[in-house]
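So the sequence lines, in the order shown, correspond to chains A and B.
Using the numbering used here, the first residue of the first sequence is number 1, and each one after it goes up by one.
Using the numbering used here, the first residue of the second sequence is number 1001, and each one after it goes up by one.
Bear in mind the hints are in silico, worked out from the structure with no lab data behind them.
Hints are not guaranteed to be accurate.
To be verified - Ranges between beta-carbon positions, derived for each pair: (1) B:D1176 x A:P63: 45 to 53 Å; (2) A:G122 x B:E1280: 23 to 31 Å; (3) B:G1259 x A:D193: 48 to 56 Å; (4) B:D1176 x A:F164: 56 to 64 Å.
The beta carbon of each residue, even a glycine, is placed where N, CA and C say it ideally should be.
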Amino acid sequence: METVLQQLINGLSLGAIYALIALGYTMVYGVLRLINFAHGDVYMLGAFAGYFLANALQLDTNPSIFGAVVVTTGAMAICAGIGILIERLAYRPVRHHSRLTSLITAIGVSLFLEYGGQVVFGATPRFFPQMVRSEIYSVGGVQITNQNLLIIVVALLMMFGLRFIVQRTRIGKAMRATSYNLSVARLMGINTDFIIAFTFALGSALAAAAGVLVALAIPRIDPLMGLMTGLKAFVAAVLGGIGSIPGAMLGGLLIGLMETGLSATAYSTYRDAVAFAVLILILLVRPAGILGASGPEKV
Amino acid sequence: MRLALSRCTLHRLALTVAYVLLTTIACERRPGTGGPESTTGDILVGMYGSLTGDGASFGQSSREGTELAVDEVNAAGGLLGGRRIRLLVEDDQSRPEEASNAVTKLVTQDKVVAVLGEVASRRSLAAAPISQKYQIPMISPSSTNERVTEVGDYIFRVCFIDPFQGEVLAKFAFNDLKARRVAILKDIQQDYSVGLTDSISKHFAALGGDVMEPVSYSTGDADFKAVLTQVRSQKPDVLFATGYYPEAAIIVRQARELGMKMPILGGDGWVGDALRNGREALNNTFISNHYSGDNPDPVVQNFVKAYRSTFKREPDAIAALAYDSVKVLADALTRAGSTDGPRLRDALATADVQGVTGRLKINEKRNVDKPAVIQEVTYVEGDVKFVYKTTINPN
């Protein structure tokens, strides 16, 4: 029983990581119908931005909550800028071409960031400084660290925050309009270029927050860290229903739980296969995902 | 999924092209025996290692140990009538396929007389067949998997092997830590970890202990909580993590986060800078190692002093073994009186040199019989220290 409960906690902690990243995928897809494969790499850049900021503030030797907040905010701002740049330089020029063009561009951007990262940062993994002292809470034989707890809480907050922005604010309304029909939205006086840039900035900031939080819990970062995690988060977004914000959260948690469940058996080395098996299954059985709307595609 | 596939295919294509190119070059430039340059000028020695990537600490330490020894040999007047050793270093990025590319380049293009490397057994195993094929002796400083020197009669090593290391660890766990029930985490991608796991299981069971079914993970994994939770439910007295330092650090940390307070043991693969990622969780962990820097033997202390003054840090066992591999090579070159591959091989096969890590007497399997030390891993003031506990001799 204790073991099962612990595995549930492990699964939720892992799933919250995927959920955090999946939120960014789903939002960009929701507005642009573009699968931004570079999103996992922005997550990596967020972790590196946090790494350099934290070292500049010397947080490893004197950890502080305030410092951690500064580092996370800084990394989010940097990545928001990078997100806008990526959109401006890579996606906007091909926006009016076919969707396949954008998709291939996204793969190109992803490869560029991964291998560019290897040139700039080096391929050697680095250790993320411990900005927050690690604490372990134990309840009835079940352990959870403050870092994992933080990830779960932040993922939930971000989900609600995003939902609030999209559903309740003016800019959110503009995002929904752009998502519904870009040309008509523009005719109605919405600055769609700005809305799309804003979407990328927001998504990239979320990825950066995820990068910093994950690096706190698992302090090893390298330029390819976004590859596998990003792909699994993408699967999580598809599983939950890509385009749906609660769906991304649900998908992330489910993938985390499934992976943990499999790791607990004798087939632990197949854990990476779980996400992709799920992707194939969901595309066969319910392509719109669990919470996705499966209406006819508008033309 | 399509994305992952296309990337894979691209990689494979690039590799195939590289391989074809390399083998073509190799065929064209296959050296004739005793070229005109082989009796004068610098003696070219190749070193390949993981200077970047997951195993970067291994590569850096090896390089420093090797350079120190080469500088000493050159400062003492060189070899074979005053010829200097010139070291050519290739980075394999911690990848086995790059290791074999690196050795192919060193042997066929640079025409080195001997190759030094690697640390990780998997990469040594990938590159050794090339050395063997071209009859250029290879000395692995610190690959402990038994199969490395079994590749052929041109492959040597200057460290102990895993069947012995596993015995040492099993005995320490059973006799000193009084463990009766142990769990093992192994990295199925690394020949080293798989071999060491088998050896520990065999010897611990032979002592009368109970070994749980080993749990597998892969290099690069970062979340071990699920497998550790399963291990925890079976209540082992001791946990072995037989992989390399990057994962070992995270395993130790996450085990402690799950409230697992038992001793955690590892092999020489734990010796790397990223181990300090384990932080306070490293308390109550032990490793088997090749050498201890606090050994008062003047041979060891002179090495430590020279290394410290050159590189401004403490030498680890990987650096010490790399240093020893050069000393064995220099001795063999002198005795062979030539840089010719087969003659150098014969000289290496009869080497008997006093090294920093002990007496290096090459046996009929091209291995050395050396004692192992058990060290306690401690985390003090932001850095990992290995504290000497005991020495265990081979039978």
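* To do: Identify every previously stated hint that the structure contradicts and give their numbers, smallest first.
  => Hint check: 1 fails alone, others pass.
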